[in-house]
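I would like the entire structure built from these sequences, with the hints used as guidance.
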Amino acid sequence: MNPYQQKKRWKYSLLTFAVVIASGSLFYTSYLVRNIAKSERTRAQVWAMSMKQVLASDDNDFLSYVFAVRDSSIVPAIVTDNRGDIQLSRGLDPTKTFIKLEAEDKTKGKLRKKYDIEYFKSELATMKKQHTPIKLTILDTEWLVYYKDSDLLTELKYFPYIQLSVIAIFLLLAYTAFSSSRKSEQDQVWVGLAKETAHQLGTPISSLMAWIELMKEKFNAEDDPLIGEMENDVKRLEIVADRFSKIGSKAQLEDHKVYDVVKDFMDYFKIRVSKNISFELTGNPHLQAGINVPLFDWVLENLMKNAVNAIDGKGNIKVDISGNKIKKQVFIDISDTGKGIPRSKFDTVFQPGYTTRKRGWGLGLSLTKRMVENYHDGQVFVRDSELGKGTTFRIILKNTRHDKKTTA
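The numbering of the sequence shown is my numbering, which starts it at 202 and goes up by one.
These are computed hints drawn from the structure, not numbers from a lab. Hints may be right or wrong, so weigh each one.
[Claimed, not checked] Calculated cross-link-like contacts (lysine to aspartate or glutamate; reagent style EDC-like; alpha-carbon spacing at most 16 Å):
(1) LYS436 x ASP468
(2) LYS451 x ASP534
(3) LYS590 x ASP513
(4) LYS329 x ASP286
(5) LYS506 x ASP468
(6) LYS519 x ASP456
(7) LYS471 x GLU481
(8) LYS464 x ASP534
(9) LYS464 x ASP521
(10) LYS599 x ASP456
(11) LYS329 x ASP350
(12) LYS464 x ASP513
(13) LYS458 x ASP513
(14) LYS471 x GLU430
(15) LYS322 x ASP286
(16) LYS358 x GLU241
(17) LYS515 x GLU502
(18) LYS447 x ASP388
(19) LYS297 x ASP282
(20) LYS476 x ASP513
(21) LYS396 x ASP443
(22) LYS519 x ASP468
(23) LYS447 x ASP521
[Stated by the list, open to error] Okay, the calculated beta carbon distance ranges per label pair:
(24) TRP412 x ARG383: 42 to 50 Å
(25) ALA375 x GLU414: 57 to 65 Å
(26) ASP456 x TYR359: 58 to 66 Å
(27) LEU427 x PHE379: 36 to 44 Å
(28) GLU481 x THR217: 46 to 54 Å
(29) PRO553 x GLU414: 51 to 59 Å
(30) LEU372 x GLN246: 37 to 45 Å
(31) GLU423 x SER382: 53 to 61 Å
(32) GLN331 x ALA223: 57 to 65 Å
(33) TRP412 x ARG584: 55 to 63 Å
(34) LEU394 x ASP424: 38 to 46 Å
(35) ARG210 x ALA369: 18 to 26 Å
(36) LEU409 x GLU481: 53 to 61 Å
(37) ALA378 x LYS529: 47 to 55 Å
Every value quoted in this text rests on a predicted model; they were computed, and no experiment measured them. Beta carbons: idealized from backbone N, C-alpha and C, even for Gly.
Put into structure tokens, the structure is as follows:
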């Protein structure tokens, strides 16, 4: 199992665990809500029965007991007659009344309750939606007792969602902070490893250059094509070392014709791969972009090597350069006739450590993405792929030619 698959499995395991916790919390809260709702209906029934006893009894001592039970068991409630007219209310806003009064009486130093029938109608509508009414028959008249959930029960219904939301936000912030810290550490390791590699390559490259010069003098081989190719490879090693030394530093971008940069690399690369693979370069030769040539050659090398490895036997690699004048972008499409990539892996291929080869570190496309996005302020992605037919990677760079101001 490669590191990416292991990481993916851990994510699914943690997600499953989180779903179990959330489900358990919601289930237990739902259980509490049901029990409290039953308790509140019982309290409403007790209050309704106490009202019936109050109206039917003349025993003052018993009435005192009933009032005590009624007041201790109260939930927000409204009593209506069979026509729907409000007759009584309990547990609602004490500053409002459904009884229409004359002008406010200030003679006793107190303001009478404010008449607000709309408030009671609104509360009654809410109660009708929440619970079926409790029916009472008092003195041959049918009354309906409506009630609603208490504030405690209402808050308890929403509590798990608030709790889970707070936990989710906390976990998201913690994960973001952790990922940022880990990425920073990885970047430091990348930079240190790259610079150390460049330093270690410096000595043998210098020695190889000296040995080639000695071979030229000893064997009088100034024009020998084999010696020339050896020189090209040593120069290539110098470029590789220069690439590694630039990692971690701000890349210096210069305006270059994209077609020429791609052509120079393709001419070098195609004679070092199988003759069964043909190369083709098409597109607009005049488009320009800000490019750091050593780093961009590395991008092309990784993508073309990936294309070569995807081709089994004979095949073709085509690079097409086009532009978008409106968005001022340069498109570089690198297509191959290889085995293709499943659509589900379009993003995965750029993950560090992901590879389908038995040998390989799975870092090429990850480095490619880093160099295009971080150093060239561009984009790279799988534009299209079909299993058994091939893949097209697209690089997007900023077109600098259209940014330059011209004078008539």
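Tell me if the beta carbons of ASP456 and TYR359 are separated by a distance inside 58 to 66 Å.
About 59 Å separates the Cβ atoms of ASP456 and TYR359, which means 58 to 66 Å holds.
Check the hint pairing LYS329 with ASP350 against an upper bound of 16 Å on the C-alpha distance.
11 Å, holds
Would you say the C-beta atoms of ALA378 and LYS529 sit inside 47 to 55 Å of each other?
36 Å, violated
Holds or violated: the 57 to 65 Å window for the beta-carbon distance between ALA375 and GLU414?
Holds, since ALA375 and GLU414 (Cβ atoms, about 59 Å apart) stay within the stated range.
Below or equal to 16 Å on CA atoms is what counts here, so check LYS464 against ASP534.
Roughly 14 Å separates the two Cα atoms, so the pair holds.
Assessment of proposed distance window 51 to 59 Å (beta carbons of PRO553, GLU414)
With Cβ atoms ~40 Å apart, the hint is violated.
Compare the distance between the alpha carbons of LYS519 and ASP456 with 16 Å, and conclude whether the hinted pair is satisfied.
The hint is violated at about 24 Å.
38 to 46 Å as the expected CB spacing between ASP424 and LEU394, which holds or is violated
Taking Cβ atoms as reference, LEU394 and ASP424 lie about 40 Å apart, which means the hint holds.
Can the restraint linking LYS436 and ASP468 be considered satisfied, given a maximum Cα separation of 16 Å?
Within the cut-off at roughly 15 Å; holds.
Is the hinted pair LYS329 and ASP286 satisfied, with a Cα-Cα distance of at most 16 Å?
Given pair LYS329, ASP286 holds - Cα atoms ~14 Å apart, limit 16 Å.
Against the 16 Å threshold, does the CA-CA distance of LYS451 and ASP534 hold or violate the hint?
26 Å, violated
Regarding the pair LYS519 and ASP468, is the alpha-carbon distance no greater than 16 Å?
13 Å, holds
When the structure is compared with the earlier hints, violations turn up for hints 2, 6, 12, 13, 17, 19, 23, 27, 29, 32, 33, 36, 37 and for no others.
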